[in-house]
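> Read top to bottom, the protein sequences are chains A and B.
With the first sequence counted from 1, adding 388 to any position gets you this note's numbering.
With the second sequence counted from 1, adding 1246 to any position gets you this note's numbering.
Just so you know, the hints here were simulated from the structure itself, not pulled from any lab data.
All figures in this text were calculated on a predicted structure; none of them were measured in a lab.
For every residue, glycine included, the Cβ atom is placed at its ideal position computed from N, Cα and C.
Among the clues, some could well be false.
Claimed, not checked - With the C-beta cut set under 7 angstroms, the calculated list includes, among others, these residues of chain A facing chain B:
no.: 1; residue: G508
no.: 2; residue: V537
no.: 3; residue: A541
no.: 4; residue: Y545
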Amino acid sequence: MTPDALNRLVAQLSKLPGIGEKTAQRLAFHVLRSPPEYARNLSQALLEVVDKVRLCPRCFSLTDGPTDQPCGFCTDTRRDDKVLCVVEGIADELAIERTREFRGRYHVLHGVLSPLEGVGPDQLRIRELLVRLESGAIDEVIVATNPDVEGEATALYLVRLLRPMGIKVTRLAQGIPMGGDLEYADQATLARALAARRDLEPRVRVR
Amino acid sequence: MRLLELRCERFRNLDEVTLTPSPGATVAVGHNGAGKTNLLEALYYLATLKPLRASKLSELVRHGEASAKVTGRFLLSGAERELQVEIFEGSRAAYVDGKRAPSFDDYFGGVSVVAFTPDDLMVVKGSPEGRRAFLDRAVFNRFPAFLAESRAYAKALKSRNRLLKDQAPAAHLVAWDETLAKTGARLWTRRRALMGELQARAVEAFQRIGRTESGASFSYAPAKVELDFAAASEEALAQALQAALAARALRDLERGHTSVGPHVDDLELGLGGQSARAFASQGQARAIVLAWKVAEIENLHAASGVLPLLLLDDVSSELDPDRNAFLMAYLHDSGAQTLLTTTDPSLVKRAAGPQTVWLSVAGGKVTKGLP
Ligand SMILES: Nc1ncnc2c1ncn2[C@@H]1O[C@H](COP(=O)(O)OP(=O)(O)OP(=O)(O)O)[C@@H](O)[C@H]1O
Ligand SMILES: [Mg+2]
Ligand SMILES: [Zn+2]
């Protein structure tokens, strides 16, 4: 007979995505064999994540700051208030942030339009986006949804909504990945990159 | 391109089998229900990831088994590559040289097949839906990216239809109109490109097949849309489709489905200036399809420098003796690698040569040699 406490831990662990009964058992034994501080630290980290991490009331990315306070992205004074990047989810925001190229603000939609899954504009953080834009401080919105059918429809929806407000709306360019070999690019990407080709005439650089 | 070896495991009624096909013709002979079409279908599915017969993927798995697997060793531009597809729980996984294929393009690189089945012969007199599927198989053979593109269109179409049924607000619907128009315009340009290459070849092939005074015609244009299809840019096509969708929005809302776009178009087949669907005889209708297939083979050859692998499922029994003789002589002379199935070996003798590999199929068991 295994102790009830151990059974309870295994049961909880096996509720995690991608974790079956066997793996849950292995993890539980690992916790049991480790020094007791490990279990304490783990349980504290678990509690903190649910107690402290919330959605930012302005951009809807994650934050652990004080309640009702905007997140670090929103309060960082070195960031540009005039440019706003709209993303589908937190993972996309982090991917863009990793480039260190973007210094504007973010807005996380938490999904894309998907009639087949019952997701319409009301299920996304679009109304909140409009409220932010009404403040008037934003000149450009970069729509960085994924280039699949749903991401495309969401982008087109936003473009139609925002252009009449006199806001410049841009879409991430699609094309050959940098460092990627032309010969390995998939045909759809190559076709899009061809369609969006640009000339190499020297241009006046706008700074 | 050449198929060096084919292996089927738990595929339909077939016993596990590893085959070494001929570089020329391989002929599978057997009674009705033996498993000949299943063998051909295994190879077709491996090469296209599309089922040959309209069916659920799970139908490809042998009754009582959980998964099926088809593996082929190909010689592609001098290099040997192994393609493998596994079907389980209603979905499939594709592998190249033992590794999960990261994209369709990696998977399809270099492999092309043209299948010719008795269903194809019915296409002229059949439904517009059948003709669209017939056309799209040819488009896909020529432009493998079309598989992903037509899936994107299908998803956009399903999404829009759902919004129509739900009576969604106009602002939401319009965003999907535009998405549908963009993905639809891509399908139009693909079909137009294929037709541009194929038309003249098919007309000429029909003359070669002979026995008919009047000429055949093959054409395709979007239905219910005002535009100069031949000249319009992809962007102009998207705009035209979007305008047509907007113009039909009320009617579409009433009916709950989308009434214009690549999914309602038809492939127009003609004979002597008249509709072949309405006026061609059975034999003439079959000759039109035969001409199309010959044109498809020659076009793929011209475009890529490689002859596609040809799969002919019991076609000879459906053709009259003269047209069958033409086809068999054509296969023989083309030098293409071919897999044929038949219940009667005498029908395909003219396609055979000294290299021909004969296979017997009985009760799902494939063995070398004539029965
Ligand atoms: N998933 C499956 N598992 C087992 N048997 C199957 C499966 N799918 C089809 N079959 C069987 O395969 C047989 C049909 O094989 P196939 O269509 O290849 O015949 P064929 O040799 O082409 O015959 P014909 O000359 O009539 O065209 C049928 O008996 C059918 O029941
Ligand atoms: Mg058959
Ligand atoms: Zn924030």
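> Indicate, hint by hint, whether the structure satisfies it.
A quick look at each hint next to the structure:
1. G508: Holds, about 6 angstroms.
2. V537: holds (5 angstroms)
3. A541: holds (4 angstroms)
4. Y545: holds (4 angstroms)
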